[in-house]
Amino acid sequence: MRSGDVGYLGLAASLVLIAVALAISLRLALRLERDLVVSVVRGLVQLLIVGAALAIIIDPDTSLVWSWLWVAGIVVFAAATNKRRAPAVPGLFWIALVANGASAIVGFGVAFGLGIFPVEGRTLVPIAGMLIGNSMKSGIVVAERLVEALADGRAEVEARLALGQPWTAASRPIVRSALRVALSPQIENTKALGIVFLPGAMTGLILAGVEPLDAVLVQLALMYLILGGTATTTAITALGSVRRLFTDDHRLVALLRSRRDVG
Amino acid sequence: MTEAAPLFSFESVSVGPPDARRLDRLDAELPVGGLTVIAGPSGSGKSTLLRLCNRLEVPSAGVVRHRGTDVAQRDPLQLRREVAMVFQRPVTFPGTVLDNLREADPACDEQRGAELLERAGLDASFLTRDAGELSGGEAQRACLARSLATNPRVMLMDEPTSALDAKASAVLERLGQQLVGAGTPVVWVTHSEAQLRRLADHVLLLEGGHAQRSGAAKEVPGGAER
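Chain order of the listed sequences is X and C.
36 is the number of the first residue of the first sequence in my numbering; add one for each residue after it.
27 is the number of the first residue of the second sequence in my numbering; add one for each residue after it.
Hints may contain errors.
Unchecked claim - Stretches of chain C that chain X covers, calculated by requiring three or more beta carbons in the stretch to come under 8 Å of a beta carbon on chain X: (1) 70-84; (2) 105-119; (3) 165-175.
Hints in this document: simulated from the structure, not taken from any laboratory.
Note that the structure is predicted; figures quoted are calculated from it, not measured.
All C-beta atoms in this analysis are idealised placements derived from N, C-alpha and C, irrespective of residue type, glycine included.
So here's chain C without its partners, still in its complex pose (with noise of 0.2 Å):
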């Protein structure tokens, strides 16, 4: 592990066959800090992008880095653990949030499970509700709080708030923003050109499978030409 090493870099990345390329050979960096939108019209493969950084996809071709290491050469499920995941949409386990945050870490008890809930925005009663009956809202946070309990290094999210309300939504960016300043990078996915202009540190713009721009949000205003 390199830590002067960005931490994800996409070195003439495909996914997808020839005739269907999901990416094509995109060469793009993502930095340690921060917390970075990586944008885009519906399909251009911003999903595609952050799922090859967890391993739930592989490249055809080229070679997927996290902090310098290729990340093929990552036992899959330790790397997992450490590059967190939160859905489009909420998917909770049956049974109650505390044996969905289980789930996640077998070890947990309620104290930390609340701690947990509290660094999803959660009170501590939620861990005995049952995790089918939650809102949107409350759900995705549960998600959150269960992808917390593998003490992730970094948090992918995955256009987490596509699925919620305004004020559900403006909640979980708050939650984003506050896993940024306690020093956890976070990688969000956005199709929103307003959401990419209130969260993001760092941006880089797909379209067709390519890497259009990249760099500081300031500099690339670009996003919000979209």
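Just chain X, with the same shape it has in the complex (with noise of 0.2 Å):
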């Protein structure tokens, strides 16, 4: 057994940690008990028929076309969740099919076109996992943020509309606040490697038992590429949100959390 083994056993002690979450749930009344349980056992099903099927496609004899699948997949996901967090965005979900695509090909197209990771089963899924995942991630906080930022500015935005500047301009410091929102966690976190963050890829493989130093080259690599998709699909989700957001004629749409008065 390798000391980053952990066995059935291991996972059942690590449990342990569910229970204290739980006895603070109870003892505080935080009514969370439920939610917790449902996580629990939701992330092991997932995670245990996700690794199955890693099993599977990172087989070398397994077809690179159930990889690609697999990302599509993840793509597809990634924009159906962005679509359920900001609803009142029109035709968001295809804005974030386009922003986590591009994300992926920018990242794949760096990892693979320059050689930093072999084209293989058990490189592209997980690439992608963790590249669409926190693509995804900041493309659902600059839609809501956006969202929300022009309905409690509409006053604002409205000022600008009513001096003749066009959508683009009236919307601009918004979209720019919106955007560092939304890419300031991951460009701190990138400050912070090392120091308060042990970022999980790099965590993971020196636990299964890989040099640190080389984990450290892989989790950089990592790092730079979810830098570079993160930032690729914040700024097309918001660019295609906010245009969205205006009509032709350069009018905000009406926002659900609109309190403009109506005299």
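These two chains come separately, so use the hints to put the complex back together.
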């Protein structure tokens, strides 16, 4: 048994911490017990299925087509999640599909095009998961933030529109601020690398017995890919969304959080 | 463009879904000269009517004309620079007052800025003031100056004194009248009967999304009964 092997007994032991979380929830009447149990069971089942499927996909005898299909599935799922979280943006599914797809293309282009990683089943799916997972999070933040800020800031946007500014100029301060909010966590993570934050891939590799320096190189390459991918997704989501929140004749569409006075 | 045409005309204009009309098949005309007051109780559609004039809002049905031309046929950005608007609450942008003026006219220098401020009752020392630190009355006048920076031919004022104290309101009312005196027609929305009596050359009274009465101020005493 290698040092990184957990085994089912080890996994069961780690559930002790879930018991701690349950105890806290009960003691403080947070009513999170059901959510906690559901999330633990769901996560367990999902990951076991993914593990089994990955075992098939990374088999050198399995066609790479299955890996690419998996990647496509991740992109579609990410777009659907994004759409669900910011339903006020018309057509957000398609915007997010393009945005996350672009992140995958840019990320894969660098990772595989420049030969950082070999194109294999065991690299394609995990890299796509990490890349799109992070891109999706930032895409959701930027879309949610845009809708909120445009609804709350309708008075300022309309004051700019009333001066004859086109929607691009009238929305610029809000788009900039939403992009900053969405990208900051990823930038901060990258800054804090190794000091506060020991990222997942590196931790996993070290736990699995890989030399720390090798693990660091893999992690750095991944972090840079993720940062680039996140920036790509966030920019496309923000610009695509804001376009759909204004009409062709430069009016801000009605938004759920609007508080405009009607006299 | 037809010079004899009304400043704005509304032909069977409806706004909002059929079960929640904010304006309902409204027919009205606003004359070219002077200060027109649009009055009515809260929710009567006054602000909606005003927002149709610079196309911040579009009708669900009917036609809005500006000097005879359907506003839907106009370039909305050009229309908004001709038909300027001062809002209920002053919205200043980050930066100095001069920065604010440059949002409307990027070529605005200090001399032109001072001229614009003078027309809005502020002296040139305000140019370098942080717009976020002005009092309510000063901010509303800075917003008026900013709206004037596009050289508008019409000024729409949407309850511009509702967030101001009596003294600041009086200043803004005087500025509105000065604009009219200088040849720029003003359309002023209010729910205050007293303000209507002080300001109006022409009156349009709205109720429940319909035009109740309209005409020269002295012919529409109904405003005083509200």
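Okay, the hints, checked on the actual structure:
no., hint, in the structure
1, 70-84, "holds (count 10)"
2, 105-119, "holds (count 9)"
3, 165-175, "holds (count 4)"
Of the hints listed earlier, there is not a single one the structure fails to meet.
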